[in-house]
Amino acid sequence: MGKLEDMALLVAVAEAGGLAAAGRRMNLSPATMTARLKALEERYQTRFFNRSTRAIALTRAGEGFYYAALRVLEEMEQAESTLMQKEGVLSGTLRIAAPSDFGRQYLSPALLDFSRQHPEVKSSLYLSEDVVDLISLRLDMSIRFGNLPDSNLVTKVIRQNYRVLVASPAYLAAHGEPHSVDDLASHRCLIMERRGTLMNEWRFECDGEKRSVRVMPAMVCDDGALLRQWVLSGAGIASKSWWDVKRDVEQGRLKVLLADSFIGFSRHDKKQVGLQFVYPQRRFQPLQVSMFSEFFISWLENE
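Each residue of the sequence shown is one higher than the last, beginning at 10 in the working numbering.
Keep in mind that the hints were calculated from the coordinates and are not lab data. Don't be surprised by glycine CBs; every beta carbon is placed ideally from N, CA and C. Just so you know, not all the hints are guaranteed correct.
[Said to hold, decoys possible] Quick list of simulated restraints, FRET-style, between CB atoms: (1) ALA64 x GLN169: 36 to 46 Å; (2) VAL81 x LEU207: 36 to 46 Å; (3) ALA66 x LYS219: 40 to 50 Å; (4) GLU51 x ARG276: 45 to 55 Å.
[As the list claims (entries may be wrong)] Below, computed lysine-lysine pairings styled on BS3-like, alpha-carbon distance capped at 27 Å: (5) LYS279 x LYS255; (6) LYS280 x LYS255; (7) LYS165 x LYS12; (8) LYS255 x LYS219; (9) LYS219 x LYS279; (10) LYS280 x LYS165; (11) LYS12 x LYS47; (12) LYS131 x LYS165; (13) LYS264 x LYS280; (14) LYS165 x LYS255; (15) LYS219 x LYS131; (16) LYS165 x LYS279; (17) LYS279 x LYS264; (18) LYS219 x LYS264.
Go ahead and model the full structure; you've got the sequences and the hints to work with.
What follows is the structure, given as structure tokens:
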């Protein structure tokens, strides 16, 4: 095998966390993967992985080679994309992760429009409420809400955003509207759960003073799209990002509550919380990635 194939093999094993998983990505059997990795280590007279019956991990030499190989493969992909663009055809892969609700409402239809314009781009969309690891999942970008803590990731603002408390007119007609933070104690609150943690500590700023209230969950789920459907059905009050409920509020299906004081449910939240693309730190960004970023920002302006 050539050196580029060797690099691709090592990167696949490192990012998949095992030979079998990497083999599935590359359509190779476990026996073939084992033989190729053995040949690779013999070629360079270096052990790249420490292997046990349960796990596989890069050695120090393997880690250095992994990052060097990643740079080479990214530059090769960039060169190929640039060449294809000169031929008038945008191609390559585009792997994106996004929160469930936002992804279904906005990113999915935008990606369909982009794919119709650039059919040679192979797109993959992954929806999850978790903060995903871009490197291990080989993602080109993700969309995230909130004010992100310091990191090595590269970000690009999409639009201004903030968090809101919302309820349906039917729920408010049956239960009344909360006019203060303390009123929430007598209401049904619908809560997101992330990796076993309830997002039920709601944060407010009242008369210049910050305050947090731990509300009692009436219903809990781990999917933002489902949470919005519960609110629309009149099940209770929920905290959502503005862009998730923008259409519902503007069309009268939901009403914003305690708008002057509610901040969010994260200690990183402020009055304005981010809606941004997040990219792995890399020297070159594939052309299809940068073009979709600009396409989506423009697409969203019409929403």
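Hints versus structure:
1. Range check, ALA64 to GLN169: about 43 Å between beta-carbon atoms, so the 36 to 46 Å window is met.
2. Between VAL81 and LEU207 the beta carbon distance is about 44 Å. The supplied range of 36 to 46 Å therefore holds.
3. The hinted range of 40 to 50 Å is satisfied by ALA66 and LYS219, whose Cβ atoms lie roughly 43 Å apart.
4. The hint said 45 to 55 Å for the Cβ distance between GLU51 and ARG276, and at roughly 51 Å that hint holds.
5. Distance check on the hinted pair: LYS279 and LYS255 sit about 19 Å apart at the alpha-carbon level, within 27 Å; holds.
6. Taken as a hint, the LYS280 and LYS255 pair is honoured in the structure, with Cα atoms around 17 Å apart against an allowance of 27 Å.
7. For the hint linking LYS165 to LYS12, the alpha-carbon distance of about 34 Å lies beyond 27 Å, and the restraint is violated.
8. Distance hint between LYS255 and LYS219 is fulfilled; the C-alpha atoms sit about 26 Å from each other, no more than 27 Å.
9. Between LYS219 and LYS279, the direct Cα distance comes to roughly 11 Å. Compliance with the 27 Å bound is thereby established for this hinted pair.
10. For a cut-off of 27 Å, the pair hint linking LYS280 to LYS165 stands: about 19 Å separates their Cα positions.
11. This hinted pair checks out: LYS12 and LYS47 have alpha carbons roughly 14 Å apart, not beyond 27 Å.
12. Simply put, LYS131 and LYS165 have alpha-carbon atoms about 22 Å apart, close enough for the 27 Å limit, and the pair holds.
13. Proposed proximity of LYS264 and LYS280 is supported: the alpha carbons are some 18 Å apart, at most 27 Å.
14. Note on LYS165 and LYS255: the hinted pairing holds, with a Cα-Cα distance of about 21 Å set against a maximum of 27 Å.
15. A C-alpha spacing of about 46 Å is found between LYS219 and LYS131, which places the hinted pair above 27 Å, so the restraint is violated.
16. At roughly 18 Å between alpha-carbon atoms, LYS165 and LYS279 fall within 27 Å of each other, so this suggested pair holds.
17. With a CA separation close to 21 Å, the supplied pair LYS279 and LYS264 stays within the 27 Å bound.
18. The hinted pair formed by LYS219 and LYS264 meets the criterion: a straight-line CA distance of about 23 Å does not exceed 27 Å.
Going down the numbered hints, you'll see the structure goes against 7 and 15, while the others check out.
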